[in-house]
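Asker: Just so you know, the protein sequences line up as chains W and C, in that order. Just so it is clear: in the first sequence, position 155 is 1397 by the working numbering, and no numbers are missing. Just so it is clear: in the second sequence, position 9 is 22 by the working numbering, and no numbers are missing.
If you're looking for bench data, these hints aren't it; they were derived computationally from the structure. Mixed in with the good hints, there may be bad ones.
Pairwise CB distance ranges (calculated) [what the hints assert, rightly or not]: (1) C/25 x W/1270: 23 to 31 Å; (2) C/31 x W/1373: 34 to 42 Å; (3) C/39 x W/1267: 44 to 52 Å; (4) C/17 x W/1265: 16 to 24 Å.
Partial pick of chain W residues on the chain C-facing surface, computed with a CB cut under 7 Å [said to hold, decoys possible]: (5) 1248; (6) 1256; (7) 1257; (8) 1261; (9) 1262; (10) 1268; (11) 1276; (12) 1279; (13) 1336; (14) 1338; (15) 1383.
To give an idea of the interface, some chain W residues facing chain C are shown, with a C-beta separation under 7 Å as derived from the structure [claimed, not checked]: (16) 1251; (17) 1254; (18) 1255; (19) 1259; (20) 1266; (21) 1275; (22) 1303; (23) 1307; (24) 1381; (25) 1395.
C-beta: ideal position from N, C-alpha, C; glycine also.
One letter stands for each residue in the lines below.
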Amino acid sequence: MGDLSVDGERVVIPYRIYTPEPRAELATSLDEDAALALTCCYTRHHDGFLREQSVISIIGFDRAWIVPFVIQLLGEYVVEISESILERLDELQPEIYRRFAAANESFMRLTRNHIVSYWACYYRAQYRLPAYPPVRVLMELGLWNGREGRHWLARGGHST
Amino acid sequence: MTDKQLDAAASATREALRHAFPDSISSVVAQTVELIPRRRDLS
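All chains should be modelled from the sequences, with the hints used to inform the complete structure.
Answerer: Below, the structure is given as C-alpha cells:
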C-alpha cells in the first residue's frame, strides 16, 4: 500500500501485522481515540476473524483516519468481512469516506480493480457484480465512480 | 524465532503503525502502539 492522505496528512497503512493483541486489561486503560486507533491496527492482523471483529468495532465512529482501514478491507479477498461492513452500512459516515476518496483517487481506483479481480477469480458464480458486497458498499457510498468493472456492470454483472 | 527476533519484529510493527495515522494524533498513537506486545509481554 502506498502513501495515502487523510485530511491532508500522509499515512502509510501496513498490509499485515502478526503481533498478538495486548492483554485486555491494558486496552481498557485507553481513552476513546487511543482505543479506536488500537482497534484500527488489528484490522491489519493476519487472522481474518480478528480483522472482521476489529472493523465491526470501528466503522460507526466519525474519525477520518479510520477510513483507509475500512476501504483497504473492501479491496481484499475475504468477502465475509465486506458482508459485515455491508450489514452495518447505516453506521458509516458517508462524508468522511467521500472526502477520503476525493483525496486518494489512485488508491480508490486500485481498490476497485482489486474488487473486480477477486470477484472474477473467486465469486462470480456466487454473486452478480452489482450484488458483490464490496461493490454494494462503495456504490451505496457513491464511490463506485470509475470505469472498473464497466464491462460486467453493463451486462448486469453476469459472468457468462 | 528467538525472543530477540520476536522483539525486533514487534518493534518494526510498532514503528509501521506509527505511520498509519496522521501526525495530528501522534500522541494518541504513541500510547496505543506501546501496547503492541513484545514477546516478553505475553506471559
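Asker: Decide, hint by hint, whether the structure agrees.
Answerer: Here's how the hints hold up against the structure:
| no. | hint | verdict |
| --- | --- | --- |
| 1 | C/25 x W/1270: 23 to 31 Å | holds, 26 Å |
| 2 | C/31 x W/1373: 34 to 42 Å | holds, 39 Å |
| 3 | C/39 x W/1267: 44 to 52 Å | violated, 25 Å |
| 4 | C/17 x W/1265: 16 to 24 Å | holds, 22 Å |
| 5 | 1248 | holds, 5 Å |
| 6 | 1256 | holds, 4 Å |
| 7 | 1257 | violated, 9 Å |
| 8 | 1261 | holds, 5 Å |
| 9 | 1262 | holds, 6 Å |
| 10 | 1268 | holds, 5 Å |
| 11 | 1276 | holds, 5 Å |
| 12 | 1279 | holds, 4 Å |
| 13 | 1336 | violated, 20 Å |
| 14 | 1338 | violated, 13 Å |
| 15 | 1383 | violated, 21 Å |
| 16 | 1251 | holds, 4 Å |
| 17 | 1254 | holds, 5 Å |
| 18 | 1255 | holds, 5 Å |
| 19 | 1259 | holds, 5 Å |
| 20 | 1266 | violated, 11 Å |
| 21 | 1275 | holds, 5 Å |
| 22 | 1303 | violated, 13 Å |
| 23 | 1307 | holds, 5 Å |
| 24 | 1381 | violated, 27 Å |
| 25 | 1395 | violated, 32 Å |
Comparing the model with each numbered hint stated earlier shows that hints 3, 7, 13, 14, 15, 20, 22, 24, 25 do not hold.
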